[in-house]
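> Please build the complete structure, drawing on both the sequences and the hints.
Keeping their order, the protein sequence lines are chains A and B. Each residue of the first sequence is one higher than the last, beginning at 1 in my numbering. Each residue of the second sequence is one higher than the last, beginning at 1001 in my numbering.
These are computed hints drawn from the structure, not numbers from a lab. It is possible that part of the hints are untrue.
[Stated by the list, open to error] Once the Cα atoms are required to be at most 25 Å apart in a straight line, the calculated SDA-like pairs of lysine to any residue come out as: (1) B:1398 / B:1355; (2) B:1079 / A:135; (3) A:27 / B:1126; (4) A:53 / B:1290.
The chain contents come next:
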Amino acid sequence: MHTVYIFLTGPMVWVSLLILVFGLIGKFIYLTSMAKKRDPWIFNYFQFKYAIKSILIWLVPFATMNMRRNPVMTVVTFVFHICLIIVPIFALAHVIMWEEAWGISWWTLPETVAVTMSFLVLGGILFFIIRRMKLPEARYVTRVQDYFILLIVALPFLTGLLAYYQIFNYQLMIILHVAAGHIMLIAIPFTWLSHLLLFPMLRGYVGSEFQGVRNVKDW
Amino acid sequence: MSEAATAAKIEDPGLDQGVEKLTRDQIQSTILKVVNQENSARLRAMVGTCVSCGLCSEACHYFMSYDRNPYYAPVGKVKETLWEMMSRNGMVSKEFIRRAATTAYTECNLCKRCVHFCPFGIDTAYLMTVVRRICHLLGVTPQYLQDTCHSHSATFNQMWVKDDEWIDSLQWQEEEARDEFPGLRIPLDKEGSDIMYSVIAPEPKFRAQLIYQAAAIFQVAGSDWTMPATPGWDNSDMAMFSGDAEMMGRLKKKHYEAARRLRVKKIVMGECGHAYRSVYDMGNRWLGFKDMPIPIIHAIQFYCELLRAGKIKVASRITELCTFHDPCNTVRGMGLHEMGREVARAFCPNMVEMHPNREHNYCCCAGGGVINCGPPHKMTRVLGNRIKAEQLKATGAKIIVAPCHNCHGGLEDIVHHYKLNMKIKFLGDIIYEHMQKPGAVE
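This is the structure we're talking about:
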């Protein structure tokens, strides 16, 4: 079991991070070069200020009309995403591992906060699953892989909490936690989790197109 | 259950006979060509990023009107068409194409309202034009819509107006208008004018009074204007909506070239939404122009300029309660909502807003070529826009100001079907009726 742990927290970190980073970079290069070849006008119309404006506005809670129309969804979405990004970066155990490996360290979340935020992530995923099952317009377009992706995102947090509370076998849970984390990182470039990259790209395009060409806001 | 939910399958020879001839290979190779060669990163990014959250649903008037049937949600329409086509690598059946064509041509107005709802800005209107392109290449297009495209191909106008009939119609309107304005001309082919005025073919065909009114406004404003006597006078573009991009390009080229030949400084367009989309967005890009190759302004902009410059002045005002309908192509297309209101308010001080409004306004459900799919599909769009009827009714207004031909067609049917008892007016109607007319015979 120990060798598995050593592998997952050692070489495998490189593998996952490289797949994540180069997967996203590759996706970016693939899409932009394809656009340059077939839809070059996208770059003629692209304007940085409108792209940034569009991205920023859609990152502010309740700044857009549709966010105001769906207050519950807006709150859940923002809380979910913020926790999802903050917890892995600032969890104490994670920072300690960075420090042990590379000797770098940064501010960490108080434990209770990290735990609460993890529960919020799981709560968010539960909300998304129930929403997909109950809301007709979401149920109609939900595919099996959509639930699967939600599961991929849920697992690192679920196993993390189980390990924290030492429920079941702690050592096994830690290994599952690290493995689940790898699966999520690797899944990002190959599923719609890539909206991490495509959100700013698409918003940049739509923002330039609407504010720049069509003279109208896009929110 | 509302009457909308009980709609039966609609027969359309263009669609029914179109799919009869198809083979599996033909369907697959066409889908792959359009998806992989004609389209690019934009399509892939939009289809690949959709997390199928359904937040776009309430943007669509069909969804809202058909009892929130998810089938009509923007993402629902993409699921029924492109998702399947792409995930099955083009291996879809004839029946699938028949259904996809119905969805793309008659159940989406390409109004882009859903773009404002999607957190990623996924443009379902664009995705539906991709589906239409596939259907066009497969020869599966609604018969009435295809007829207008045939007319475009044969005559460069949408309504089979013959060259001499066009000139005849203008001269007829000139003659009529000279009873009111003795010196009035509709200058034909006058090279070096400031303005070329272009209209859509339905104007000479059956709304000729609009040309009269425009001539009266030009006359009062003292504009130096002309209309081309040769093809290129029609700025409309149903080919853009049928998926016939090649013909769209030819049409726009003809239009721009007519203006070049007349050496005008700019083109002023009548109150048409889709033609505007065609010149500033789709046609110009197809031809390789970043912007319009010659300045083109919509009637809303032109009237607003005339009012601001004091070239037309208000003589009387409408006292009845009015409301302003924002056409998708002038608002989500060019942000002309405030200019439109400025013109309308000058003549209709008693204005009430419909909600939502401006760039979030509900579509008339006629645009995007949907009304041009003709009588077989009429009830699809009338029942598919109950939400608009409710929105209009809530204003309590007596007059709807709508600066777009398609909106007029769509709103008239809705007003009639839902017994709203409202009149619909163009800005040109109002200006003509209520402006000061120096030189006019009383």
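> Can you name, in rising order, the numbers of the hints this structure does not satisfy?
none
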